[in-house]
Amino acid sequence: MTTITKDPPAAAHKMPQRSNRGRRRAKLRDVRIALLFILPAMIGLVAFCLVPTIRGVYLSFTEYSILGEPKWVGVDNYTAIFKDELFWNAMAVTIQYVAINIVFQIVIALGLALLMHRVAKSAFVRGALLLPFLVANVIVALLWFWMLDYQIGIVNEIISWLGLPRVAFFGSEQWAIPTIAFVNVWRHMGYTALLIFAGLQAIPHHVYEVASLDGASPTRTFWSITMPLLRPVLALVLVVTVIGSFQVFDTVAVTTGGGPVNATRVIQMYIYQKAFGESDFGYASALSVILFVILALVAFIQMKFLKGNESDLD
Amino acid sequence: MTTQTLTTRKALDWRRVGAWALIALALIVTIFPFLWMLRTALSSNHSLASNSGNLLPADFSWGAFKRVFGMQTTEEAIAEGGSGAVIDFWLYLRNSILFSTVTTAAQVFFSALAAYAFARLRWPGRDKVFSVFLATMMIPGIFTALPNFLMIKNLGLLNTFAGLTLPFLFMSAFAIFFLRQFFLSMSREVEEAAMLDGAKSLRIFFQIVLPNAAAPMATLALLTFIGQWNEYFWPLLVGNDESIRVLTVGLSVFKSQSPQGAPDWSGLMAATIVAAVPILILFLAFGKKVVNSIGFSGIK
Numbered sequence: 000m001t002t003i004t005k006d007p008p009a010a011a012h013k014m015p016q017r018s019n020r021g022r023r024r025a026k027l028r029d030v031r032i033a034l035l036f037i038l039p040a041m042i043g044l045v046a047f048c049l050v051p052t053i054r055g056v057y058l059s060f061t062e063y064s065i066l067g068e069p070k071w072v073g074v075d076n077y078t079a080i081f082k083d084e085l086f087w088n089a090m091a092v093t094i095q096y097v098a099i100n101i102v103f104q105i106v107i108a109l110g111l112a113l114l115m116h117r118v119a120k121s122a123f124v125r126g127a128l129l130l131p132f133l134v135a136n137v138i139v140a141l142l143w144f145w146m147l148d149y150q151i152g153i154v155n156e157i158i159s160w161l162g163l164p165r166v167a168f169f170g171s172e173q174w175a176i177p178t179i180a181f182v183n184v185w186r187h188m189g190y191t192a193l194l195i196f197a198g199l200q201a202i203p204h205h206v207y208e209v210a211s212l213d214g215a216s217p218t219r220t221f222w223s224i225t226m227p228l229l230r231p232v233l234a235l236v237l238v239v240t241v242i243g244s245f246q247v248f249d250t251v252a253v254t255t256g257g258g259p260v261n262a263t264r265v266i267q268m269y270i271y272q273k274a275f276g277e278s279d280f281g282y283a284s285a286l287s288v289i290l291f292v293i294l295a296l297v298a299f300i301q302m303k304f305l306k307g308n309e310s311d312l313d
Numbered sequence: 000m001t002t003q004t005l006t007t008r009k010a011l012d013w014r015r016v017g018a019w020a021l022i023a024l025a026l027i028v029t030i031f032p033f034l035w036m037l038r039t040a041l042s043s044n045h046s047l048a049s050n051s052g053n054l055l056p057a058d059f060s061w062g063a064f065k066r067v068f069g070m071q072t073t074e075e076a077i078a079e080g081g082s083g084a085v086i087d088f089w090l091y092l093r094n095s096i097l098f099s100t101v102t103t104a105a106q107v108f109f110s111a112l113a114a115y116a117f118a119r120l121r122w123p124g125r126d127k128v129f130s131v132f133l134a135t136m137m138i139p140g141i142f143t144a145l146p147n148f149l150m151i152k153n154l155g156l157l158n159t160f161a162g163l164t165l166p167f168l169f170m171s172a173f174a175i176f177f178l179r180q181f182f183l184s185m186s187r188e189v190e191e192a193a194m195l196d197g198a199k200s201l202r203i204f205f206q207i208v209l210p211n212a213a214a215p216m217a218t219l220a221l222l223t224f225i226g227q228w229n230e231y232f233w234p235l236l237v238g239n240d241e242s243i244r245v246l247t248v249g250l251s252v253f254k255s256q257s258p259q260g261a262p263d264w265s266g267l268m269a270a271t272i273v274a275a276v277p278i279l280i281l282f283l284a285f286g287k288k289v290v291n292s293i294g295f296s297g298i299k
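Top line first, the protein sequences correspond to chains E and Z.
The opening residue of the first sequence carries number 0 in numbering that gives the first Met the number 0; numbering runs sequentially from there.
The opening residue of the second sequence carries number 0 in numbering that gives the first Met the number 0; numbering runs sequentially from there.
Worth flagging that the hints you see were computed from the coordinates, not collected in a lab.
Quick caveat: nothing in here was measured; it's all calculated off a predicted structure.
All C-beta atoms, glycine included, are put in the ideal place defined by N, C-alpha and C.
Don't take every hint at face value.
[Unchecked claim] Per the computed footprint, the stretches of chain E lying under chain Z, defined by three or more beta-carbons under 8 Å from a beta-carbon of chain Z, are:
1. 104 to 118
2. 245 to 252
[Claimed, not checked] SDA-like cross-link-like pairs, simulated, lysine to any residue; straight-line CA separation at most 25 Å:
3. Z/K288 / E/L233
4. Z/K287 / E/F132
5. E/K120 / E/H205
6. Z/K152 / Z/P139
7. E/K303 / Z/A134
8. Z/K152 / E/Y57
9. E/K120 / Z/F31
10. E/K303 / Z/V131
11. E/K70 / E/R54
12. E/K303 / E/F103
13. E/K303 / Z/M136
14. Z/K288 / Z/A220
15. Z/K127 / E/R28
16. E/K120 / Z/A134
17. Z/K127 / E/V45
18. E/K70 / Z/K152
19. E/K303 / E/A98
Using the sequences and the accompanying hints, generate a full structural model.
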């Protein structure tokens with residue numbers, strides 16, 4: 000290794016694929032340039048990510064209203080959270096949202112992806128299905144807030160035209176969370192479908208040919224070939240979607256604001272209200288530490304169970 | 000044999016019809032709400048209630064758009080069903096353009112520098128530092144948002160453009176990851192030839208690497224711009240002041256101004272169109288890039 004690097008130009012010419020090693024001479028210059036190149040990103044990482052992370056953990060052990068200095072209180076915030084009914088309610092509401100969102104989103108997206116893969120690879124279809132994802136959460140939320148309006152929203156007009164009773168989508172405790180989950184399914188289904196579609200495209204053709212030669216039925220092919228080979232993509236989609244949905248905020252903030260009563264006070268909404276409504280930054284920080292731990296656990300378990308970073312194709 | 004293939008083909012055709020029907024349904028479900036948005040924005044707000052099921056605008060009027068851009072007097076606005084409160088989406092539009100452009104340009108550029116250092120330059124600890132960057136993708140936004148808010152507040156930067164943009168300027172782990180993948184896949188030959196000619200790394204980067212990376216950087220810039228344009232949480236925390244309010248925050252303020260009972264739906268939908276149209280234009284122009292980048296990028 001070191002011998003090659005002694006005469007860099009010749010080595011670089013003879014074995015271009017190993018030319019990396021031929022650049023020892025420029026190593027020092029490389030290090031200087033590298034430091035220069037990495038500096039802005041480093042500033043960003045340290046100032047807006049690492050330091051805030053440490054500070055967030057520290058604040059979670061303090062009592063801190065935005066005035067004055069943080070006061071160390073040990074694990075008081077955490078014990079208080081443990082007994083906080085609103086926290087448990089927020090967790091229940093969030094998990095309910097995540098569950099509805101994930102099930103519908105993945106099933107619909109998988110269906111759409113299979114349809115696109117089989118019959119419609121057109122760029123138009125893909126582009127159109129992606130539209131809702133490009134528009135801000137806030138816009139999507141307001142649009143559906145209007146379409147699902149109890150009095151004059153088009154959806155309720157259709158429902159009553161069908162002779163069914165109108166539904167208070169955002170206004171009733173029982174409907175609010177499913178409605179918000181549905182709005183997000185609508186926004187994300189095309190995008191998730193495209194992710195899965197890309198995964199389907201990556202499955203080599205010959206696998207299917209062998210299956211059809213063996214006389215496997217479409218159902219059998221789907222369960223024994225498509226699904227297992229799609230697993231890494233599905234695992235990734237699942238992790239990203241679950242982590243994203245645990246942090247639902249925008250849609251709730253512009254439609255229900257957490258109500259009716261506590262029906263849609265999801266965990267991030269609760270953190271926001273604690274910090275900016277009640278100026279209780281210590282408590283809010285402890286809540287976000289808990290959210291962080293939950294998300295890390297979820298990601299770890301999912302990757303472990305689904306072996307998302309291994310492929311069966313090798 | 001022949002009959003068998005014939006019947007399977009026929010069955011297949013029926014399946015194709017069914018498949019296309021389902022795709023058509025998905026397209027309708029996706030696109031209809033946008034048409035409804037437009038229809039509502041072009042309606043007169045007072046007529047919406049009595050004419051709620053018609054596909055065409057109810058009592059066609061540009062009033063909603065005028066209202067959103069502050070081109071109506073208070074009396075006119077109230078007469079048409081607006082709240083009468085002053086709103087100026089020109090200002091929000093300008094702020095959104097400024098915020099998204101500046102953060103996108105800086106973030107993509109600085110991330111490209113870092114990505115190149117991770118992909119091509121050799122320096123001690125490189126891979127460890129890279130894995131730290133990658134790990135930050137796991138940190139939920141709210142977790143850093145609270146301390147970042149406190150820092151921006153302590154620096155006296157609340158409701159300033161600096162406070163609004165600072166956390167986004169320097170990097171995004173995703174952007175670094177995305178560009179590093181590209182730099183790794185790029186052929187080294189051109190760089191090496193230049194190096195043999197005695198060109199310095201800096202010159203190689205700016206004159207050879209960057210131009211070669213124009214396509215992935217454009218894709219990344221597009222994705223970043225869309226994300227920044229749609230950003231709501233951070234501007235809500237630090238940029239609620241009228242002077243630097245962006246469209247997403249402006250929309251939620253506009254919604255909360257609507258008088259209870261009879262919200263200004265037309266105005267609200269006109270405002271959402273104003274906020275959505277720039278992204279839709281970008282998508283029409285460069286949509287293929289976005290569509291094709293999904294799957295390659297995987298995340299985000």
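Evaluated hints:
1. Residue count for the stretch 104 to 118 of chain E with a Cβ under 8 Å from a Cβ of chain Z: 6. That meets the three needed, and the coverage hint holds.
2. Only residues whose C-beta sits within less than 8 Å of a C-beta in chain Z count toward coverage, and the stretch 245 to 252 of chain E has 5 of them, enough to reach three; the restraint holds.
3. Between Z/K288 and E/L233 the CA atoms are separated by roughly 23 Å; this keeps the pair inside 25 Å, and the hint holds.
4. Between Z/K287 and E/F132 the alpha-carbon distance is near 15 Å, which keeps this suggested pair within the 25 Å criterion.
5. Only pairs whose Cα atoms come within 25 Å are accepted, and E/K120 paired with E/H205 is accepted, the gap being roughly 19 Å.
6. Between Z/K152 and Z/P139, the direct Cα distance comes to roughly 21 Å. Compliance with the 25 Å bound is thereby established for this hinted pair.
7. At roughly 17 Å between alpha-carbon atoms, E/K303 and Z/A134 fall within 25 Å of each other, so this suggested pair holds.
8. For the proposed pair Z/K152 and E/Y57, the alpha carbon gap of about 18 Å is at most 25 Å, so the pair holds.
9. Note on E/K120 and Z/F31: the hinted pairing holds, with a Cα-Cα distance of about 22 Å set against a maximum of 25 Å.
10. A hinted pair counts as satisfied when its Cα atoms are at most 25 Å apart, and E/K303 with Z/V131 qualifies at roughly 21 Å.
11. Proximity of E/K70 to E/R54 is assessed by CA-CA distance (about 13 Å); at most 25 Å being required, the pair is judged to hold.
12. Annotation: proposed proximity of E/K303 to E/F103 holds, straight-line Cα distance about 23 Å (limit 25 Å).
13. For the hint pairing E/K303 with Z/M136, the CA-to-CA distance comes to about 18 Å; that is within 25 Å, so the pair holds.
14. Using a Cα cut-off of 25 Å, the hinted pair Z/K288 and Z/A220 holds, with the two alpha carbons roughly 11 Å apart.
15. With a C-alpha separation of about 21 Å, the suggested pairing of Z/K127 with E/R28 holds against the 25 Å cut-off.
16. For the suggested pair E/K120 and Z/A134, the alpha carbons sit about 35 Å apart, so the restraint of at most 25 Å is broken.
17. Pair hint Z/K127 plus E/V45 holds up; C-alpha atoms about 15 Å apart against a cutoff of 25 Å.
18. Distance hint between E/K70 and Z/K152 is fulfilled; the C-alpha atoms sit about 19 Å from each other, no more than 25 Å.
19. In summary, the hint linking E/K303 to E/A98 is supported, as the alpha carbons are separated by about 20 Å, within the 25 Å threshold.
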